[in-house]
Structures are given as structure tokens and as C-alpha cells.
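Each chain, written out:
Number of protein chains: 4
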Amino acid sequence: MRAVVVEQPKTVAIKDVPKPEPGPGEVVVQVAACGICGTDKNIYAGTFLSHYPLIPGHEFSGVVAAVGQGVSGLREGDRVAVDPSLFCGECYYCRRLQGNHCERWGAIGDTTSGAFAEYVKVPARNCYVISERLSFAEGALIEPLACVVWGMKRLQAQPADSVLLLGAGPMSMLWLQVLRHGNASQIVVTDLYPSRLEAAREFGASDVVVADESQEERLREVSPRGFDIVIDVTGVPKVLEAGFKYVKPMGKLMAFGVCPMNSSISVNPFEIYNKDITILGSMAINYTFEQAVELAEAGVVDLRSLVSHTFPLEEFERALQTAGTQASMKVQVNP
Amino acid sequence: MRAVVVEQPKTVAIKDVPKPEPGPGEVVVQVAACGICGTDKNIYAGTFLSHYPLIPGHEFSGVVAAVGQGVSGLREGDRVAVDPSLFCGECYYCRRLQGNHCERWGAIGDTTSGAFAEYVKVPARNCYVISERLSFAEGALIEPLACVVWGMKRLQAQPADSVLLLGAGPMSMLWLQVLRHGNASQIVVTDLYPSRLEAAREFGASDVVVADESQEERLREVSPRGFDIVIDVTGVPKVLEAGFKYVKPMGKLMAFGVCPMNSSISVNPFEIYNKDITILGSMAINYTFEQAVELAEAGVVDLRSLVSHTFPLEEFERALQTAGTQASMKVQVNP
Amino acid sequence: MRAVVVEQPKTVAIKDVPKPEPGPGEVVVQVAACGICGTDKNIYAGTFLSHYPLIPGHEFSGVVAAVGQGVSGLREGDRVAVDPSLFCGECYYCRRLQGNHCERWGAIGDTTSGAFAEYVKVPARNCYVISERLSFAEGALIEPLACVVWGMKRLQAQPADSVLLLGAGPMSMLWLQVLRHGNASQIVVTDLYPSRLEAAREFGASDVVVADESQEERLREVSPRGFDIVIDVTGVPKVLEAGFKYVKPMGKLMAFGVCPMNSSISVNPFEIYNKDITILGSMAINYTFEQAVELAEAGVVDLRSLVSHTFPLEEFERALQTAGTQASMKVQVNP
Amino acid sequence: MRAVVVEQPKTVAIKDVPKPEPGPGEVVVQVAACGICGTDKNIYAGTFLSHYPLIPGHEFSGVVAAVGQGVSGLREGDRVAVDPSLFCGECYYCRRLQGNHCERWGAIGDTTSGAFAEYVKVPARNCYVISERLSFAEGALIEPLACVVWGMKRLQAQPADSVLLLGAGPMSMLWLQVLRHGNASQIVVTDLYPSRLEAAREFGASDVVVADESQEERLREVSPRGFDIVIDVTGVPKVLEAGFKYVKPMGKLMAFGVCPMNSSISVNPFEIYNKDITILGSMAINYTFEQAVELAEAGVVDLRSLVSHTFPLEEFERALQTAGTQASMKVQVNP
Ligand SMILES: NC(=O)c1ccc[n+]([C@@H]2O[C@H](COP(=O)([O-])OP(=O)(O)OC[C@H]3O[C@@H](n4cnc5c(N)ncnc54)[C@H](OP(=O)(O)O)[C@@H]3O)[C@@H](O)[C@H]2O)c1
Ligand SMILES: NC(=O)c1ccc[n+]([C@@H]2O[C@H](COP(=O)([O-])OP(=O)(O)OC[C@H]3O[C@@H](n4cnc5c(N)ncnc54)[C@H](OP(=O)(O)O)[C@@H]3O)[C@@H](O)[C@H]2O)c1
Ligand SMILES: NC(=O)c1ccc[n+]([C@@H]2O[C@H](COP(=O)([O-])OP(=O)(O)OC[C@H]3O[C@@H](n4cnc5c(N)ncnc54)[C@H](OP(=O)(O)O)[C@@H]3O)[C@@H](O)[C@H]2O)c1
Ligand SMILES: NC(=O)c1ccc[n+]([C@@H]2O[C@H](COP(=O)([O-])OP(=O)(O)OC[C@H]3O[C@@H](n4cnc5c(N)ncnc54)[C@H](OP(=O)(O)O)[C@@H]3O)[C@@H](O)[C@H]2O)c1
Ligand SMILES: [Zn+2]
Ligand SMILES: [Zn+2]
Ligand SMILES: [Zn+2]
Ligand SMILES: [Zn+2]
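Protein chains in written order, with my numbering: chain A, 1167 to 1501; chain B, 1167 to 1501; chain C, 1167 to 1501; chain D, 1167 to 1501.
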């Protein structure tokens, strides 16, 4: 079968590789759509924990093509979205339901062969059957949505909370919609690019603010007291650092964007104490795929409009370059 | 001024009474709109704790007409919605932030003169200024919305919860909208009347089910495993009792409807244990008016379409009879 | 090896049966101590979902005697306490972290061969290594403690909550200690028997009250406003039913005791609403074994004093009869 | 009457000033004991928001000496502990139950005349009657305990959490006890001084570690994976900053100590994200005095042993110098 192989950092080939066979408890999925995410860029750049060569791809949907021994509840032809999480289920963290911190943590497409390929082998238990209501493009967006659902569990937003989203990329557009349907009152979104802010308006932002030198003043205007919830969805340390000044007393600041591994920000500890601030990390998916499927199936979140570009497998590198640019929103590959 | 006076149970007069003067810390509000609620029916019927004669009316909005001594932050002409809660602030329960269980509990229109009158005197701190975006009809719906916000605090709904609302009166339509914007996945509504179920569809129900003998079968069809959240919004004991069978393991059943004081239901305690069920009461407003104002201002909830009938003060009794009938939704009086 | 076999309801034999061999991912544990619990009585009586013949026993500790293929992290000679829960990990409920409602729910000693035997075969992942600080008698009490920890997760007790424990059997003594160390202020315990109430005093009850006709008056004296938390630890429907009247506004009532399957209680729904009451079930263990081990290891709970009687395997039926009597507290069998 | 007057930063006089008279809703309390806290040191140093001259003192107990108009529920001779919080009850924050962020925030002894005086005038509603079981010295420790209770509400500690307390001053000793009775498993305490660590052992620490260059290694030994909860109780920015490295995945780091107003610490945002860390501020008292009274009355916390030194009013400055030294724990003044 054809697959994207990252031979080593910065070296990608589209190659013929053997089609996988399902072992016991596994199925092989014929990939229909697979999204590109920041982690793929890190795998390409060599700044992630992966071993090379690797077939990346962890945001995907497809059709069950072969079923291994002892698998019940799935059959050939089932349309599925796949939770890429590989938790051991036995270590200290897994027993505490903190699988995303598993001592043997792995993920399909990050530590094992992923879905930028015609076929991918996955544990049957990672598959969630999706209905005809959802396209494969939507199915491939359930994985990032499940990250946001974990973020929501961490946040515990309350009715009428006001929200500031820093950044207006695809992850922010998911946050925007989930919070829109999460009883937030005001939701303000910032970004460097007006084009992305237009998208934010369409997805339901109350206000949008360009991230230039006038940003602070504009944010004071739209919400003089600050926000109950501020979420960094850029992964830029300085943006998160500046986020502190927009948090209300008793408010929450979430580090959702993935900052560089050895970056640092400067924080005023008196302010944390004095304003009763809560700062929260949110790491990937932690048993939240099921809820993401339900939100997608119920049509609570509009996933379809999030996909701006679709490329064939052969154009993986172009897809990689397109993702994260201002002209794009979510970029997917259809193998 | 003209006012509705319940002289004694079942005896109402529209009378001239002295216009109130604001004391220190108080304002007088010229009432623009005041909704009718189940409690008004109980006051009329004599089945509430009120003393007679009483001017009822606790769901209201209007304009500040006079300002008492020592009031800052409010001035004549301000458009306001009013939290009717009168908590003493000093008793055991108030100190625990359980003001809705205050030892000296009172409420404007329940224990003191209310808003089915041209003017009503209220503590300044109970007034919330509302913007021009909100009509007075909408302003008068913030009070019931604040009850639902308290219910939401009690519920702690989680992303993707499925919901069953029993009853499709105005309170249920508020619940429906708040949960729709509260990340519920599926929301199913039941009622005796198809006309009210149509309203439920328009407010965003996923499914509606007529409360006849086929109800149980239909509910099993739309949600074979039951629901994460079941809320009784009828106040009918048998309806709440039947609600148990629709609750999923780890699900929640809320008694929001107000059942008769000495009613009883039969509950299987093994089931509560075995299914890890949570049953929750939710009593009126408990410091949740602010959030309701914010939800209304943000336009998260469509309050305008909830008002089906408006009557002048003189037709109070007709208004009372219209409220709660299948042809009506929220009924308001414009004094 | 020797084992207790319930051939069919009410028929028990102590028999020679084949010693189990560990399959892949499994270990065989040489049982050191196994407690008797209400479920064992139900298995004996034929009122539990078990299939017969069955070797019961699910509250146990022992020493790893044989290790199956692919097991890492455990070796012969390890002292272990064992979580009896058998969750499939793949069904709708397991994916939602509600394993105690697993569609294929099972438990060692309830649905598969248990620990009233010299040896028992268990999945390696169910074993928790315990230190020399804990005796085997204590190790065998971690299972019931893990039930209480799940109850604590459900309860979310807050600092200074006052508590009423109905019943003073071994489960109540665990609750008492955990709540004593859970920032409860006042903890009152009731029971039919003065001897058990003496134990309650020793385990740290603030007050004890005999469950006779003077009970209600006495409870009003010790806590005129009622309690923030009331827990039924008797399993007697009438006791749970009466529990309502001792719950404070905003208080919680927990159904922890296991009432008969088809029992019913009468509940006033107006009171639930009007007092903002929360009623909670709590079903067995739900990923809470780890925390129970840590509480035991830290010495937060005194498990040792809970064991009142110890019998050899041969006297299983005497052990069964002794458990639950007023003269006893926890009864264990040492195979 | 005699009173401590801070005339201006660093200038204190013991003077005769007029004895206060209670206004409506107020009482005058004859002060029995008043503790010294970090804020008093800041008021003395001029680094707090107070206006001068000021009588400081906010941790106190005493006897009601005079009762103002309209006060019910209190009478001369009542022994009381006093919540110093002065929240307006009407501003944006008060309406959201965030009184500790009140727009008109004040506190007895911080912004109005306090309790380092023979008599102090306070709103009746701030008084909590205490029983004979509690000495006045204990009564004066309820205020700091109420700060810890607010911290507990922010923390939401779970059964079996492991805890690291940085610093072993009086506030840490309160935390230690509350967490000891809050189902923590392991509680480790650090301090510069062995003498304070001895106190920590006596109050129930599982382990104590001297804060020298071997600290990190020692902490890794006692808890290789880190801690579920790390609380800075020193107020030293570098200590809080170093706290990050001891937090487990999904763990919580609390900034309880009050760092200098314009200090800063360096934080790795990748780590917050990657470890799902929660960082929490906790600011003073927020409607938590009642619970602190109940914990004190129930004897859950040993307050008596916390008082190391007692001075007469005349020796206020010596008291101030003694507080915070290694030889002392809580220092009180008995006017
Ligand atoms: N926590 C999790 O579980 C999780 C899961 C998935 C993704 N993530 C992270 O979430 C972040 C967002 O992902 P994404 O796919 O939406 O990425 P993205 O497309 O790169 O979006 C980030 C957006 O932030 C904008 N931005 C940059 N600097 C800004 C500033 N100063 N102010 C305002 N906006 C600014 C970017 O504009 P430019 O394009 O011009 O820079 C871009 O539009 C990434 O860090 C990703 O790694 C986290
Ligand atoms: N907890 C609180 O804080 C709070 C606050 C406000 C109101 N409430 C209570 O909430 C409840 C609803 O208020 P509302 O103003 O919406 O009242 P409503 O207009 O009377 O609505 C109740 C609805 O339930 C329907 N119903 C009756 N029996 C039913 C059944 N067997 N199955 C399904 N539906 C059935 C009613 O139909 P019919 O008209 O034909 O009976 C009606 O449409 C009342 O009990 C009210 O007192 C509670
Ligand atoms: N939820 C869970 O996960 C879970 C886990 C384990 C056990 N349980 C259940 O918890 C309950 C307690 O277990 P246990 O082992 O402690 O049982 P137990 O030894 O039978 O204790 C129950 C105690 O309640 C007393 N009692 C009976 N009627 C009473 C009354 N009217 N007022 C006050 N006390 C009364 C009993 O006295 P007599 O002996 O005279 O009747 C007995 O001392 C059982 O129902 C058990 O099935 C639940
Ligand atoms: N959040 C709130 O609501 C609240 C309420 C009350 C108090 N506080 C704050 O809580 C903190 C503690 O109060 P306290 O009265 O207990 O003060 P304290 O007596 O000064 O105690 C602080 C302790 O930390 C020790 N320490 C200093 N550097 C250390 C290090 N590197 N490692 C370990 N320990 C170190 C100190 O030793 P040395 O004495 O040698 O420096 C001292 O024993 C203060 O910052 C206070 O302002 C906060
Ligand atoms: Zn693991
Ligand atoms: Zn009150
Ligand atoms: Zn399962
Ligand atoms: Zn205020």
C-alpha cells in the first residue's frame, strides 16, 4: 500500500509498504481522511519523541477493512473514527484514570504506524462507529474535538462565563463552538490575521480583536473587568504570558496551545494569590473520545466548515506546508 | 396607583393603593412587565406561605422611578430586572451561602408587595441594570431563567450529556435552551399536548414524545440506554416517579417541578445504589441572577419567543387562567 | 487444593478442587485472608446474580504463588491485595469510565472462582503490592475500603460537614474513619446494638444514638438542624426512608447499604425540591482501589481493629453465621 | 482605652484612644486575644494598602461588651470569634459570591480600627459565638483557619492525595492538620529550621525535609513520582517556583504564601500543558468562617498547641519581632 514515511527528521517519502494484517483484538482501517496537526509538524521537524522511520497521522476516520481474532462489535464495512491513544491500562497512572500520562504512553501515528497511509492497524477498542450523518472529513475531526472535551473537563466552565480565546486556528474554532454551546456568555477571539477572525465571527464569536499593538486597549473596551476564562490556543509563550492580564478575579487561564519544550514565561505569584487565579494545563485526550463522538453526532459542533483544504496522499508535504497558514483552517489528507 | 390585591385566597381585586416611597437603600420601580408563575397560582389558591392581603408578582422588569437615600449605582430612568429574593444575610444559612434556605426567607411578591402593580418598592441591591438590547418582556423572564441557572449549578452537566425533559411548559423551554447551549448532545422533551411539543421542536429539541401510553416505548426507541439527565418540569409526582426508569447508570434525576407539599412517590432504593443514581432538588434562585442577566444579554437564550400572551393589569384574573393552559406559553401582565 | 464451593443456593461444601494455573497476563495468589461481606450471604442465599457451583470470596489478600506469561511488575512472593473488579474495558460504560456498570460486569468471587480457597487465579493488573507495614488481615480490608472511597468520590464532602451514619457495622466503621479524616466536624452513629455503638465511639464518633423509639428525639438534640450528610449503612429500606428527615437543606443522603432488590421507600418530592436535597447511590468499586491502598499504607484508617473473628477455611459456614451479628465486626477466613 | 496605633509606617505607639460605641447593627467586643500575622508586618512596614494612623489586628476573639440597635442573636457576655471581612454585598463581585474581591473590600484591622486594643467595634453579623470548649487563644486562631478552609475549597483535595507543604510556620501547621483530616495519604513538610520541622512531626507530618541543598534529592526519595498537591506556605517566590518540579502529572500547585507584590517567577508553559498541572491562588477568607468555627469546635484541629508566645498589649512591638522567627510559632497579644 502507499504510505507517507518520515524517514528521519525533515525527510519524507511516499512509499509502497506492506499492508498491515490485524492481530488478535485488532482491526485494519482503510483510511478515508486524516487531518494535519501541530504534532505532525513536530514529528516532521524532529522535535517530538517519535522514533524514525514513522508513518504519521493520528486524526483519522475510515472503514473497517479487516477484523482480527476475538473482535466483537465491529465488522468489515463499519465506518469508524479512531481514538489514537495507546494507554497500557496497568501502570500507576492508568490505574488512576490518567492514561494520558501512562508510563508506556503511545499513540497511533506518534509512536506506531499512523493514518497517512491507505491502511492502518488499530486496536478494535479504539474504534468508534459513526453514523451516515457524519462525513469522513467530520469523522477525522473527532480526535481534535476530543482534546477540547478533555479541556472542558479540566475547565469546568459555569453558566454565563465570559471567555477570551487567544488565537483563531482550527483548535480555537472547536473551542469557540463548544463554549458557545457551553453556556458561555461573551466569547472574544484574537488572532494576527483578519481572515481567521472572520471565520471566528462565523463560528459565533461575540467579538474579535486583531492581535496588534491596540489589542490590550480593545480588549479592555469589550470587557473592562477581564474574562472568567482565558485560553491560549496559539502555543506562543508570550501570548500565554500576556493572557494573565485579561483574567478576572477567580478566573481561569488555560495553557492549551503547545509551547516549545524548554520555553519559559514570567508570572507574578502575588497576582495568582491575590486574584484567586486558576491556571490549567490540558494534555490531549483522556477517555473523552466517546463524548466527542456524541457531540459530533448530535450536530452540536459544526465540523464540516472547519476543513479548508484537502490533499491526496501524494501531496502530503504540500498539505503540511498549508496547515497553520492564514489562508487555511483544518487541512486534511485523503489517502 | 393601581394594583392587584389578593385579599384572601381566591379573592382578587384591582384597587387603588398608595404609591410606595423608597426608604434608605431602596428604589421604587415602575413595573413594565411581570410574568405569571406557578407560585402566583398557589398564592391565589391559598396553598403558599403568604399572608393576605398581598400584592403578588415576582418575575418583573421596569424603570427606576425613585431612588432612596444612600443608593449609589442606580438612578431614575435605569431599566432594571429585579431579583425578588430577600435573604437576611446573617442567619446560619445565609452565612453558608444558602440564602434560598434563609431562616427569615422572603421574596418580593411572595411575602412583601410585588409587581402586579404600577410601582413596587425594592432594595437597590436587588436591581440589575439591563441594556436596550433586552425588551421589558425579556427582562421579566430573567427571574425564571435564574431558577434554571441555579438548577444548572446543582446539575453540573458535562459535555455530551443526553437529556430528557418531562413537560414542555415555559420552564422546560428555558431548560431546553440552556442545555442546548450547555453541550448536551440529545435533548428529548415530553408533554401531554402536541402544541407544546411543537414549541419544543422550535426551541431545539432533538426529539419530542407525547406523554401517552406509548411514551415509554417511544423513549426506549430514541434512547435505548436511557438518559444522563432526566428533569421533571411538570410538578406532577407520578411523572417524577416514572422518571427513574429513564435514568442511565451514573445518571441524574432532578426534581425541578414543584410537587404538592404532602405528595409522595415510591422509589426503589436498590436501584439508586445499583445504578449510582443522583437525585437532586433545585429550589428557586440562589445568587444566580447575575448569570441569568448575562445569559440574556449575550443572547444565548431566546426569551422573546417565550411570551405567548400579554394582558393589562385589569385583566389579571384572565391572565392567571391563561397561564399553564396548552394554548399558552409564558403569560405576562403589563401594568 | 481445598476450597469452599457453593454447589447451589444454601448448599456449601469444603472440597478438593484442582489448583489453578495462571494464563497469560494472570497470576495465582495463595490466599492469606478473605473477608465475609453481605454479598457472600446473598450468594449463599441464592439472591445474587451468580451461577452455581461457585467458589465465593472477593475481599482478599495473599502472596503471589505463580506468574503467567507476559506479566511484568509482579513476581512470586509479592504480598498483594486484589481488586476483584472484572471490567471489560471496551463496552459503552467502560469507555465512559463507568466500569462498575460494565455491560459484561464480573467480579472475582462473584462471577468467577474466588478466594475462599487456598489459591485463586486473577489478572495481574488487579493486584496491588502491599508493604510489610500491612498485615494480610488489613490487606483483605482494602476492598471494602475501596467501596467507601468510591462513595467519597460520589459524596464530595466539604470541610466541616456534619455527618449521620445509620448503622454501625464494619462498613460504617470504615466510613466513620474516612470521614473523620475527611474534615467532617460532627459524626453521629446509630445502631440497634449498644455493643456496636461502643466500637463507633472508639473509632471516633462524636456521638452515638441507639436506634430505638427515642432515636429521633436524641438526634434532634445532638443536631437540631440535621446533618449535611446522612449515609445509610444498614441496607434496611425503612432506615434509609427515615434518613430524609435528618438531612439539612442542601444536604446529601447516600444509599450505601444494599436494600433488597425489589424493595421500595416512600419519598416526598416537594421536600427534595424545597430543601435542595441530593440523594446519591454508590455502587461498589470504580477505579478506587489504588486510593484505598494508599490510605491503608499511610495508616489513615485503622483496619486492624476492625477484624473481630478469624476462622479456618473448614469453618466457612460458622464464619458466615458470625458475620453481621452484634457480637462481631469484620469476620475473615484464613485459608 | 489602650490601643496600638501605627501612626505611619514603622512608627507605633501604645495610646489612650476613645472607647468605641456600637452603631445600629454593630457590637463592641472586648478583645481577649489577637494574633500577629504577615499582614500586620506589612502594615507596620508600610507595604500594605492601609491608611494611617491605624489600629491593626484582625485575628481575634473576645467578649461582647455592648450591643447596638437592631442587633438580635447576640448579647453582652457572649464569647465570640470575629470574621474581619468587610464585603459590601452589592458590587459585581459580591453578587457573584466573590466577596474577597469586593470592589469596596475592607477588613477590620486592615482598613478600619482593629483588635490590638481593649475594645473593637464590629458589625454584629461578623461575630460567631464560640462555646466554652474553646479558649480565647483558640478563638483567635479561627481567622487563619478560615483562610485555610478557603484554600481547601479551592483545592478540592481527593481521598489519598499526597501532599508537600513548603514552609513550616503556623499557617503550614494549620494546613497540615486540615489535610491530615482531609484524607491525605502522605504529607511531607519542608522548612529551613529543624525546630519548626519538629513541630511539623508533632502535628502529624509523614516526613520532614530540611530546605537545604539536599532537599531535592530527599524529596525524590520520599516520593519519587512527586506529589498530588504542593502548597507554598512561605511566600518566597523562589520556593514556589521550585515547587513545580515536585508536582505529579494532574497534580495541583497552590500559591498560598503571599509573595512580594511585584515579584515574578519563571514557569515552563510546556510542562503545565504536558503534565495537566493546575496552579491555584487562594486569597484570604471567602464566606468560610462558619466552617472554620465548626472545625475548631469539633476539635478536628488542635489550635491550642499552635500558640508559642503571648504578650500584653504594651509589648506589641516585641510581639511583632517574635512572630515569624524560628523560635516561635503563632504569637498572640492579650490586650
Ligand atoms: N492541548 C491539546 O490537547 C492540543 C491538541 C491539539 C492542538 N493543540 C495546540 O493548540 C494550538 C493551536 O492549534 P491549531 O491547530 O489551531 O494551530 P494554528 O493553526 O497554528 O493556530 C494558532 C493560531 O494562533 C495565531 N497566533 C499566533 N500568534 C498570535 C498572537 N500573538 N495573538 C493571537 N493569535 C496568534 C496563529 O496565527 P499565525 O498562524 O499567523 O501564527 C494561528 O492562527 C497549537 O499550539 C497546538 O499544538 C493542543
Ligand atoms: N425549581 C424551581 O426553582 C422552579 C421555578 C419555577 C417553576 N418551577 C416549577 O416548574 C414546573 C413547570 O413550570 P411551568 O411554568 O413550565 O408550568 P406549566 O406551564 O404548568 O408546565 C408544565 C407542563 O407539563 C405538562 N405535563 C403535565 N403532565 C405531564 C405528563 N404526564 N407528561 C408530560 N408533561 C406533562 C403540562 O401539561 P398540562 O398543562 O396539560 O398539565 C405542562 O405543559 C412547575 O411545577 C413550577 O412550579 C420550579
Ligand atoms: N455500596 C457499596 O459499595 C457497599 C459495599 C459493601 C457493603 N455494602 C452494604 O453496606 C451495608 C453495611 O454492611 P456491613 O458489612 O457493615 O453490614 P452489617 O454488619 O449488617 O451492618 C449493618 C448494621 O446496621 C444495623 N442496623 C439494622 N437496623 C438498624 C436500624 N434501624 N438503625 C440503625 N442500625 C441498624 C445492623 O444491626 P443488626 O445487625 O442488628 O441488623 C448492623 O449493625 C450492607 O447493606 C452491605 O450490603 C455496600
Ligand atoms: N493565602 C492566605 O489567605 C494567607 C493567609 C495567611 C497567611 N498567608 C501567608 O502564608 C505564609 C505563611 O504564613 P506564616 O504565618 O506561617 O509565616 P511564617 O511564620 O513566616 O512561615 C513561613 C515559613 O517558611 C519558611 N521558609 C522560608 N524559606 C523557606 C524555604 N526556602 N524552604 C522552606 N521553608 C522556608 C520560613 O522560615 P524562616 O522563618 O526562616 O524564613 C518559615 O518557617 C505567609 O506568606 C503569609 O503571608 C496567606
Ligand atoms: Zn499506563
Ligand atoms: Zn438568612
Ligand atoms: Zn465494560
Ligand atoms: Zn462588594
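Read the hints as simulated data drawn from the structure, not as lab findings. Cβ atoms here follow ideal geometry from the backbone N, Cα and C, with glycine treated the same way. Treat the hints with care, since some could be wrong.
What the hints assert, rightly or not - So the derived label-pair ranges between C-beta atoms look like this: (1) Gly1370/B to Glu1383/A: 29 to 39 Å; (2) Gly1490/D to Leu1358/A: 45 to 55 Å; (3) Glu1383/A to Glu1298/D: 56 to 66 Å; (4) Glu1368/C to Glu1383/D: 35 to 45 Å.
Hints broken by the structure, by number, lowest first?
Violated hints: none; all satisfied.
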